[in-house]
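Student: The residues making up each chain are set out below.
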Amino acid sequence: MFTRRVLKSAWLSSLPVLMGYLTMGFAAGVLFAGRIEAPAVSFWAFLTSATSISGALQFLMSGWAQQRTPLLDVALLTFCLNLRYAMYGFSLLERFKGIPWWQKFYLIWTLTDETYALEVENRTPAGESSIAYCLAVAAFDHLYWVIGVTAGALFGSGVRFDNRGIDFAMTALFLVILTDQCREKRNRIPAFTGLGATVVCGLFFSLENVLIPSMVLMLILLLLLRGKLAKKETEA
Amino acid sequence: MNGMTLYLFQLVLVTTAVTLLLRAFPFIAFGRGNRPPELIRYIGEVVSPAAIAMLVVYCYWAYFKARPFSAAYGWNLPEIAAGVLVIALHLWKRNALLSIIAGVILYMFLVQKVFP
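Chains as they are written, first to last, in numbering that gives the first Met the number 0: chain Z, 0 to 235; chain L, 0 to 115.
Since no wrong hints were added, every one of them can be taken at face value.
Short, incomplete list of chain L residues facing chain Z, as computed with Cβ under 7 Å: (1) M3; (2) T14; (3) V17; (4) F24; (5) V45; (6) L54; (7) K64; (8) A81; (9) V85; (10) A95; (11) S98; (12) V110.
Once the Cα atoms are required to be at most 20 Å apart in a straight line, the calculated DMTMM-like pairs of lysine to aspartate or glutamate come out as: (13) K112(L) with D161(Z); (14) K92(L) with D179(Z); (15) K7(Z) with E113(Z); (16) K103(Z) with E120(Z); (17) K227(Z) with E44(L); (18) K92(L) with E113(Z); (19) K7(Z) with E127(Z); (20) K103(Z) with E113(Z); (21) K92(L) with E183(Z); (22) K103(Z) with E127(Z); (23) K64(L) with E207(Z); (24) K227(Z) with E37(L); (25) K96(Z) with E127(Z); (26) K7(Z) with E120(Z); (27) K96(Z) with E120(Z); (28) K184(Z) with E44(L); (29) K227(Z) with E183(Z); (30) K103(Z) with E93(Z).
No lab work stands behind these hints, which were simulated from the structure alone. We put the CB at the ideal spot given by N, CA and C, even for glycine.
My request is simple: use the sequences and hints to build the entire structure.
Tutor: This is the structure in structure tokens:
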């Protein structure tokens, strides 16, 4: 199943992700070690990155741990932030049908934005197993992310350097994602709805409590706009 | 087990469980090849840009609160300049890594050297 050809092809496909995950993971790890006062902070950086494998979440987690954000808030925020993952599987249902459960479990567990993109692109060499290709891509990406975050945390907790301002990596990541999303016209009204809902809720709630009401208002508004936006989608 | 260790342990469990369930959703609910209802597909499409926009507002608000508008913090110029650089560079070059690294370097430089 895992022939040299399939592994080589998967590794070559994963190279762009190598760059991205090592760098972003490193920044997230430095921030994690800088904000959290716990014994063995690098171990926790390793564990959090290996289990949830989610970029934006990794940045948010350091703030949550620092402030001891209530777990219900954590669950709701994780849900809204990662709801997009719930759509990815639809295009992979067919391909993953009938494979051993542990392979399916691993492929689902590791389904990040980047891994999903590579699996959909699917550069399996002719005559090889596309499941082997997907598993290899998923494992490479998983490894890059864990190494990036853990190395960042080890560096951040071991080397004393002026890391003031490195937290901007999270803001920059969100700005980049938003810019990409707004290239597509159909995403602009939803983005503006999220922005507006948060600003409006900001008038009534404190910074610590604003995200939950914002998400509720945002969802209500998006449901109200459904007729208009769903129509646009079919046109586009 | 001290309080932080317990919290981190719970954090791992909650974030992993929610993320894993989301990723598994199509396989659990539609494993037999049913198509998802229109409403679910609609929410899945529109919630992502909305949530990211919300987080951008949240991040900026956190900066404006921690570094109130004043000469001491450079009138929030570091946050605004770095944000503009990230967006402009990303519109131009479409390279996520480049945009983020450039933004972080400019921001760190501004808060450490220009408005310390």
